Amino acid sequence: MNKTYFDETHCAFGHPKSTFMQWMLTIDHKRIDLMYAAVMFTFFFVAVFVALTMRIELFAPGSQIMDGDTFNQAFTLHGVLMIFLFIIPGIPAIFGNIVMPIMIGAKDVSFPRLNWATFWLYIVGCLVALASLFIGEGVADTGWTFYAPYSLNTDTNVIMALTAAFLLGFASILTGLNFLVTIHRLRAPGMTFFKMPLFVWGIYATAWIQLLATPVVGITLILAILEKYLGIGIFDPSKGGDPVLFQHLFWIYSHPAVYLMILPAFGIMSEIIPTFSRKEIFGYRTIALSSASIAGIGYLVWGHHLFTSGMSDIAKTVFSFLTFFVAVPTGVKFYDWVATMYQGKIVLSTPMLWGLGTIIMFAIGGLTGVTITMIGVDIHLQDTYYSVAHFHYAILSGVVWLMFAGMHYWFPMITGKMYSESKAKISFYIQFVGVNLLWFPMLIAGWYGMPRRYFDYLPQFEIYHQIAFVGAILTIGGMVYMFWIFYKGWTKGEKVGPNPWNATTLEWHMPYSPPPLENHTKVPYVDFDPYEYHQGEPVVKFDYETMKRID
Amino acid sequence: MDTNTVNYKTERASYYKVLVGLLLLTAVTFVQPHFFMTHSTFLAQMLIAVVKAWLILMYYMHLKGEKLIGAMVIFSLFLVSFFFIITIGIDVPNFQYAAESYITAPAAH
Amino acid sequence: MSHEYIPEIAIDREGNEHEVQGWQDDFYGGKLGFWLFMLTEVMMFGAMFLALAYYNTLHPEDYFNASASLNRVLGGINTVILLVSALTMGLGLLKMRTGDVKGAKLMIWATIILATAFLIIKGFEWKAEYNHGVFLLHDKLLVGPGTLPFGQKLFFGMYFTMTGLHGLHIIIGIGLMIWLLKRINAGKVSTEHHILHWNIALYWDIVHLIWVFVFPYYYMIGAAGGTGGH
Numbered sequence: 006m007n008k009t010y011f012d013e014t015h016c017a018f019g020h021p022k023s024t025f026m027q028w029m030l031t032i033d034h035k036r037i038d039l040m041y042a043a044v045m046f047t048f049f050f051v052a053v054f055v056a057l058t059m060r061i062e063l064f065a066p067g068s069q070i071m072d073g074d075t076f077n078q079a080f081t082l083h084g085v086l087m088i089f090l091f092i093i094p095g096i097p098a099i100f101g102n103i104v105m106p107i108m109i110g111a112k113d114v115s116f117p118r119l120n121w122a123t124f125w126l127y128i129v130g131c132l133v134a135l136a137s138l139f140i141g142e143g144v145a146d147t148g149w150t151f152y153a154p155y156s157l158n159t160d161t162n163v164i165m166a167l168t169a170a171f172l173l174g175f176a177s178i179l180t181g182l183n184f185l186v187t188i189h190r191l192r193a194p195g196m197t198f199f200k201m202p203l204f205v206w207g208i209y210a211t212a213w214i215q216l217l218a219t220p221v222v223g224i225t226l227i228l229a230i231l232e233k234y235l236g237i238g239i240f241d242p243s244k245g246g247d248p249v250l251f252q253h254l255f256w257i258y259s260h261p262a263v264y265l266m267i268l269p270a271f272g273i274m275s276e277i278i279p280t281f282s283r284k285e286i287f288g289y290r291t292i293a294l295s296s297a298s299i300a301g302i303g304y305l306v307w308g309h310h311l312f313t314s315g316m317s318d319i320a321k322t323v324f325s326f327l328t329f330f331v332a333v334p335t336g337v338k339f340y341d342w343v344a345t346m347y348q349g350k351i352v353l354s355t356p357m358l359w360g361l362g363t364i365i366m367f368a369i370g371g372l373t374g375v376t377i378t379m380i381g382v383d384i385h386l387q388d389t390y391y392s393v394a395h396f397h398y399a400i401l402s403g404v405v406w407l408m409f410a411g412m413h414y415w416f417p418m419i420t421g422k423m424y425s426e427s428k429a430k431i432s433f434y435i436q437f438v439g440v441n442l443l444w445f446p447m448l449i450a451g452w453y454g455m456p457r458r459y460f461d462y463l464p465q466f467e468i469y470h471q472i473a474f475v476g477a478i479l480t481i482g483g484m485v486y487m488f489w490i491f492y493k494g495w496t497k498g499e500k501v502g503p504n505p506w507n508a509t510t511l512e513w514h515m516p517y518s519p520p521p522l523e524n525h526t527k528v529p530y531v532d533f534d535p536y537e538y539h540q541g542e543p544v545v546k547f548d549y550e551t552m553k554r555i556d
Numbered sequence: 005m006d007t008n009t010v011n012y013k014t015e016r017a018s019y020y021k022v023l024v025g026l027l028l029l030t031a032v033t034f035v036q037p038h039f040f041m042t043h044s045t046f047l048a049q050m051l052i053a054v055v056k057a058w059l060i061l062m063y064y065m066h067l068k069g070e071k072l073i074g075a076m077v078i079f080s081l082f083l084v085s086f087f088f089i090i091t092i093g094i095d096v097p098n099f100q101y102a103a104e105s106y107i108t109a110p111a112a113h
Numbered sequence: 019m020s021h022e023y024i025p026e027i028a029i030d031r032e033g034n035e036h037e038v039q040g041w042q043d044d045f046y047g048g049k050l051g052f053w054l055f056m057l058t059e060v061m062m063f064g065a066m067f068l069a070l071a072y073y074n075t076l077h078p079e080d081y082f083n084a085s086a087s088l089n090r091v092l093g094g095i096n097t098v099i100l101l102v103s104a105l106t107m108g109l110g111l112l113k114m115r116t117g118d119v120k121g122a123k124l125m126i127w128a129t130i131i132l133a134t135a136f137l138i139i140k141g142f143e144w145k146a147e148y149n150h151g152v153f154l155l156h157d158k159l160l161v162g163p164g165t166l167p168f169g170q171k172l173f174f175g176m177y178f179t180m181t182g183l184h185g186l187h188i189i190i191g192i193g194l195m196i197w198l199l200k201r202i203n204a205g206k207v208s209t210e211h212h213i214l215h216w217n218i219a220l221y222w223d224i225v226h227l228i229w230v231f232v233f234p235y236y237y238m239i240g241a242a243g244g245t246g247g248h
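Protein chains in written order, with our numbering: chain A, 6 to 556; chain B, 5 to 113; chain C, 19 to 248.
Quick caveat, the hints were computed from the structure, so don't treat them as lab data. Computed from a predicted model, the values in this text were never measured in an experiment. All C-beta atoms, glycine included, are put in the ideal place defined by N, C-alpha and C. Some hints could be false.
[As the list claims (entries may be wrong)] Where chain B lies over chain C, by a calculated footprint (3+ residues, C-beta under 8 Å): (1) 52-63; (2) 92-99; (3) 221-232.
Make the full structure from the sequences, and use the hints.
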């Protein structure tokens with residue numbers, strides 16, 4: 006019986022005997038990852054449920070099940086949970102933690118005890134956010150963007166939400182820090198930066214954003230708290246403060262934040278496409294460098310969220326230009342992925358289906374973003390459902406779908422079992438139809454003027470909301486079904502070996518799955534590129550006892 | 005990398021030299037508004053601060069000779085300066101509603 | 019943190035041996051990690067300077083007058099105190115690295131004393147401002163329709179915020195230094211294993227660095243005179 010990371014672990018302090026305490030105190034990146042996943046998906050479904058109540062409310066004009074104030078709290082809660090508790094920790098927490106160290110041949114991250122502390126800091130942030138539901142006037146009703154001056158005047162629990170966001174942001178910073186040092190210091194001997202798998206490049210670029218952008222929103226939240234309680238004046242017009250400054254400071258983080266969401270997701274795509282095309286990735290260097298450029302240029306475009314705020318015209322022009330520019334590296338990736346598939350032997354397994362679905366959907370998400378980069382167009386479409394549909398296409402059928410793709414891809418490595426492929430494919434198709442039904446009508450509704458964050462609307466928009474409702478039911482049904490398939494797979498699925506997809510990167514070269522506590526039996530010497538295939542078969546083969554190449 | 009290859013006397017000497025440099029620069033900060041670049045005090049003060057910061061980074065913080073960390077520091081500083089260039093350099097000075105906005109109108113309190 | 023960590027060896031196809039860097043006993047990694055953390059401090063205070071400069075651009079004269087009213091003598095003394103404390107901290111680390119643990123501890127104590135002096139003088143400054151009616155929540159000037167023009171209100175709002183946060187970082191620094199002394203006494207920090215000392219010295223240097231910019235921006239831009247704020 007092989008000992009896996011479920012059988013033994015290292016702890017932050019002490020040598021607890023109980024399984025429960027071993028999980029509470031574990032510093033093993035794989036176990037910490039699973040705990041993040043469990044907590045994050047719980048909050049994901051809570052936020053989905055909140056969205057469902059909003060969709061029910063919006064089924065017809067007028068009030069259905071809640072009043073306007075409650076609706077404001079609902080979309081704020083949905084946004085705060087989805088963004089700060091789920092999608093920003095997101096793929097780095099759920100896949101970066103477990104897969105990245107193994108991909109570079111390391112035994113853990115550079116600071117495992119910091120990793121443990123960071124997880125619990127994340128939990129405290131979640132608890133503060135949850136507490137805001139039950140205390141005082143309830144959840145904030147400002148929208149997840151907390152714009153001044155309303156956020157400073159409302160009686161709802163804005164301060165708790167800001168505090169929660171600060172703590173969660175701090176956890177994000179520390180995760181980014183940990184990953185940066187890990188990637189710089191713990192790569193296997195011989196693995197230069199340009200021999201790293203592209204998922205690691207994605208995590209690396211993301212870590213830079215986590216590290217440098219998050220402090221800006223951290224201090225913005227503190228300034229907002231100080232403004233509310235000590236009246237320092239910087240966002241309060243009655244003292245000369247400028248609410249647009251809040252928007253600047255807020256979006257200086259929150260725009261790079263969306264690149265923080267998508268870069269690891271693109272990294273997952275770059276892993277899946279070569280494996281299921283049985284072919285080396287096309288343009289490895291350009292994809293790697295495009296991740297770095299997206300991270301870099303992404304810091305410079307935040308003003309496109311302020312086009313209608315009263316910012317100067319010159320600044321608007323500069324931001325519009327830079328935003329068009331930042332779309333280019335993403336386009337490069339898309340072309341490289343399609344070029345990889347060309348003349349490849351495509352294997353249409355579930356991870357590949359999710360990847361292909363994302364290529365279609367994120368194209369829509371990205372292009373609708375480019376539409377509203379045009380300032381004149383944005384005057385009409387800002388704060389309409391067009392924007393909302395744009396970012397849901399990009400985040401839901403971009404980031405989240407690639408997260409699902411990663412779940413299907415790495416499931417056998419993490420659990421040692423396989424799920425039902427046929428059922429998983431059905432779940433994909435249900436969600437593909439569902440998400441399109443849910444969001445495409447919203448693009449049209451927004452174009453015709455349906456404003457966002459409105460709880461009531463004119464009768465001409467009713468049909469779009471009703472179609473969207475059907476889409477929502479399908480999407481949620483598909484997601485629940487997908488998690489059911491994973492559950493059955495983990496508990497009753499067939500056992501698999503360490504490399505069921507016959508892939509090339511190092512996480513598939515462990516002696517067995519689930520992996521042992523310290524990953525590879527021995528750290529290999531890396532003198533090969535990450536995606537070497539010859540006629541559809543991996544070139545590099547290892548003896549798993551000595552981790553020496555035997556090809 | 006460095007634990008036992010450090011020469012106490014030379015390092016200590018360089019620390020004291022930097023101290024003297026910093027004290028001198030602090031004195032310059034105090035006389036500058038009255039003696040030179042008096043119409044661009046802000047610029048002069050920031051330049052002196054940058055020189056001080058460079059001394060501290062290079063010698064007290066041992067950044068001299070650190071290629072990777074030095075590159076990371078330069079990247080972050082470049083980022084911050086970009087935020088300044090766009091917001092303070094381009095946006096705020098071209099604020100087009102200064103005459104009507106409550107926070108900037110001439111009659112404003 | 020065991021001191022018996024033995025690194026693994028990876029062997030390439032020619033039979034050459036390569037030492038594997040583990041996460042344990044990684045001095046450079048510890049240094050790199052702490053530098054990255056300090057970059058976050060740069061971003062944080064950078065954003066505050068951004069807010070400060072934003073309103074400076076809108077109200078240049080108010081800023082000049084408000085700055086003129088600050089106490090340059092106390093500010094200057096604090097600048098020198100912090101400067102010398104950076105020296106003592108650096109000397110303490112140097113002594114630790116060259117084997118003089120006792121001397122290192124003395125230097126750390128010296129830094130703690132200087133840091134405390136800084137805080138006390140800052141306290142006097144704030145008290146003086148409070149007596150002049152300039153303070154957060156003070157009815158007269160910052161809350162409600164006070165007598166100060168917008169630019170000065172915003173100047174002082176940011177002044178208390180930034181010097182307050184800087185002071186908080188000094189308090190944290192004192193706490194870190196006390197903890198460092200405990201770790202030295204427990205034998206966990208020594209000439210062979212001093213990454214903690216190294217990083218805390220770096221921390222103190224960045225606290226000093228922030229003041230290098232805070233001081234001229236707030237105290238010196240109005241140094242050539244002005245009508246004073248209050």
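Hint check against the structure, violated hint numbers in rising order | Result: no hint breaks.
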